[in-house]
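Undergrad: Sequence:
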Amino acid sequence: MPHELPKAYEPGAIETRWAEYWVKEKLFSQPTPAADDKRPVFTLLLPPPNVTGFLHMGHMFEQTQMDIIVRWHRMRGFVTLWLPGTDHAGIATQLMVERQLATEGKKRAELGREKFIERVWEWKRHYGGRILDQMKRLGASVDWDREYFTMDENLSRAVREVFVRLYEEGLIYRAKYIVNWCPRCETAISDLEVKHEDVAGKLWEIRYPVVGSDEFITVATTRPETMLGDSAIAVNEKDERYKHLHGKKVLLPLMNREIPIITDELAQPEFGTGAVKVTPAHDPNDFQAGLRNNLPQIDVMDEHGRMNQNAGVYAGLDRYAARKRVLEDLAAGNFLVGEKDHALSIGKCDRCGTVVEPRLSTQWFIKIKPMADRAAAAVESGEITIVPENYRTIYLNWMHNIHDWCISRQLWWGHRIPAWHCSCGEIIVARETPAKCTKCGKSELKQDTDVLDTWFSSGLLPFTTLGWPEKTRDLEVFYPNALMITGFDILFFWLARMIMFGCHFMQGHEQDAAVKAAGGDPLAKNDSVPFRHVYIHMLVRDADRQKMSKTKGNVVDPIDVIGKYGTDATRFTLAAMSSPGTDVAFNESRTDGYRAFANKIWNAARFMFMNVDRVDPGMRPSSISEFDTSTLEDRWILSRFNRVAQEVNDALQIYRFDDAANRIYEFFWGDFCDWYIELSKPRLLGDDEKLVRTACVNLVNLFEASLRLLHPVMPFITEELWYAIYDGKPPLKSIALAAFPQAEKSQIDLAAETDMAILQDLIVSVRNLRAELKVEQKAKVPIQVFTEDVAIRSLIEQNRGAVERLANVEQITFAETSLAKL
RNA sequence: GGGUGGUUAGCUCAGUUGGUUAGAGCGCCUGCCUUACAAGCAGGAGGUCGCAGGUUCGAGCCCUGCACUACCCACCA
1 MPHELPKAYE PGAIETRWAE YWVKEKLFSQ PTPAADDKRP VFTLLLPPPN VTGFLHMGHM
61 FEQTQMDIIV RWHRMRGFVT LWLPGTDHAG IATQLMVERQ LATEGKKRAE LGREKFIERV
121 WEWKRHYGGR ILDQMKRLGA SVDWDREYFT MDENLSRAVR EVFVRLYEEG LIYRAKYIVN
181 WCPRCETAIS DLEVKHEDVA GKLWEIRYPV VGSDEFITVA TTRPETMLGD SAIAVNEKDE
241 RYKHLHGKKV LLPLMNREIP IITDELAQPE FGTGAVKVTP AHDPNDFQAG LRNNLPQIDV
301 MDEHGRMNQN AGVYAGLDRY AARKRVLEDL AAGNFLVGEK DHALSIGKCD RCGTVVEPRL
361 STQWFIKIKP MADRAAAAVE SGEITIVPEN YRTIYLNWMH NIHDWCISRQ LWWGHRIPAW
421 HCSCGEIIVA RETPAKCTKC GKSELKQDTD VLDTWFSSGL LPFTTLGWPE KTRDLEVFYP
481 NALMITGFDI LFFWLARMIM FGCHFMQGHE QDAAVKAAGG DPLAKNDSVP FRHVYIHMLV
541 RDADRQKMSK TKGNVVDPID VIGKYGTDAT RFTLAAMSSP GTDVAFNESR TDGYRAFANK
601 IWNAARFMFM NVDRVDPGMR PSSISEFDTS TLEDRWILSR FNRVAQEVND ALQIYRFDDA
661 ANRIYEFFWG DFCDWYIELS KPRLLGDDEK LVRTACVNLV NLFEASLRLL HPVMPFITEE
721 LWYAIYDGKP PLKSIALAAF PQAEKSQIDL AAETDMAILQ DLIVSVRNLR AELKVEQKAK
781 VPIQVFTEDV AIRSLIEQNR GAVERLANVE QITFAETSLA KL
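Going by my numbering, the final residue of the first sequence carries number 822, and the count climbs one at a time with no gaps.
No lab work stands behind these hints, which were simulated from the structure alone.
Among the hints, erroneous ones may be present.
Listed below are the simulated SDA-like cross-link pairs for lysine to any residue, each with C-alpha atoms no more than 25 Å apart in a straight line [as the list claims (entries may be wrong)]:
#1 K446 to Y167
#2 K733 to Y723
#3 K249 to S213
#4 K367 to Q288
#5 K176 to K195
#6 K436 to E169
Model the full assembly from the supplied sequences, consistent with the hints where possible.
TA: What follows is the structure in structure tokens.
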């Protein structure tokens, strides 16, 4: 077939065609390897996008990096599993559906739990697959046959199994505790889900009259409405100012309740007046102080952030309205003695932005310390390595200062907690719905209404997606994952939890011996870890380094960019711009440049086909060994190729996607196109049929190998041209299954590189001289070269043709003096 | 309050263990439709490497301080 390619590369149709082909042919489905399979294994779990999602640049960035690594491993002969799925994303999805309902003027409560959940499933069916379809367009080479959803029945069963086991081990407990509460979402949220924001607030000073005296004690607060729930005033034992008041009481203004003056470390003499109000039900520090001093916990607010009946006349008021009224009333009663500006940081709900209220409630917790210690050790010992390295310290600091994890959420969307309450007070934690109470035998049991934090189930994915708790062959082969690629923003939410759960539940796990022998990592001392290496990527920002956000309107939609420049160019941009530890300022001008690169590749192919078709239309690349190395430029380009192959492999080994991409770019454009193709022209245009043929064989071989080298970064154009080279009948169904170029140091021909560098220097300096002397562009001129070096003379002598052509000169002679001239 | 990263060409960024004239893309200037590619080719201009000290034969790189900037963590009433 004559290879008639259009003059310019148009990625659109070509990319969609291959994207569909890869999925249709199930090219990336990875069956479980047989017992005698001796190939090394590479497993990678795709961080499951939320079902709320649409694909944004961050996803594309992450997936490009993963796809490069995955394709690279596959081409190097690894049994490669890249496992895709989506996350039910409890609170986030519930919020989206609530918003959708709001546009219909409906509320969640009106629908009731069952109907609401049905609505969420509808949402999931509608939006859940969207991001996966977009991933297909990106060419993500995941195993679509293994796609999962975190609420699939098998995964849900695994969640219950984990909960029950942890409960039985005493690591899950239920307690009344002060937690972060979002009054809008009406649920507890974990510390991580609270985002702190610095605001200019006020500090109000309130004086409480001491009972039985005309003295007052003054305290300061940023949340005056909570004084309604005060149960003591604390002073420091050593504080001389208050020693005479120890054991006395104050009358709580507005509520007219007598509360004790206690001594507690909560009060620091240096701070403010040295006296502090204690409100155990509304502040975490006060809560602890309350426990230490056996104080009553007076809860004055409800789940909506409104004052309740304990707040007396303020009952029913919203917390901010109550604050206003309390301050007015305090002022009227002459209890308010000061109001100062005060910078404070307030916690807001990560999801909806509502100011979080510390709230006393009964929740389920994980006693996290034992798992955290093991998870810290896994990183400290090197069983898990983290790149960039500074995240290691961040991770360890967090692990070492960890608090118990509140895992219950008062939401409707998520994994229901497998606990059943009996009217007798007994709580039964079980894998399946129990028939009757284990204590009193009653059969009317009510399942706990709470659901689990969404990160509870995602923390289990490295093993639950492989069939756990069954002892599956998949688990044996594919666990642990080789790598985890994810963003720093979910380091604690997800990564930390996966390590804790993995180490805990996979304790004693040994990867299949054959697999281990083939691809085992000597760093890993124990296979319980969920993955051996972690690569943390940074954020994609806009060209001005601003965070992309819908409100700012600076979101760059990857689908738009792809439409404009092609997926390959966009992928190349993201790869070339991703240097570890630095955010990517996504700049379309770069993408435009890489679109040109794709076009360059395309046209190099056109040039090659033009010549090949002329001499031998049936010519195919055979093995690289048939590459003819009789001339300097052939030896040189082969050496350059081997060098870049080695460099690309080295770069990918340490996740330097930028280095890998840049090295290929420089090689292909700079060495292959600018020099090698130009150098091959004299041969191709000459009359010597044998030389023409040799030049063609070399071009085809080198080009085919370059495509394989390029493939992980630019999968589409390489697939298209690879098929073209093989005339639509390639030896394998996809270049993605062909071998990735590897090279040894011995394959680098230093002599050829040095000699070529000399010739290149010569040609460049002649060109410069021509420009300097303003010699007519087309005019061939004779030159004299001055050199005393015999070797260089003979080098030029042997490559006279190339020099003459590329420098546009003729009659090269050698001068005896340094007065070389045109 | 603690911690981390960044500061290099007009713009966006590389620069591995300190070692000749500090690189790339885009933009800009000059000349070219040369038997793939004008999305191209050949050439060119442009940098006191944030500031101030220090170590060294030698510093963009190491040390100290400062400034600016971004981010992470934190229960300071």
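Undergrad: For each hint given before, does the structure comply? Return the numbers of the non-compliant ones in rising order.
TA: Violated hints: none at all, because every hint is consistent with the structure.
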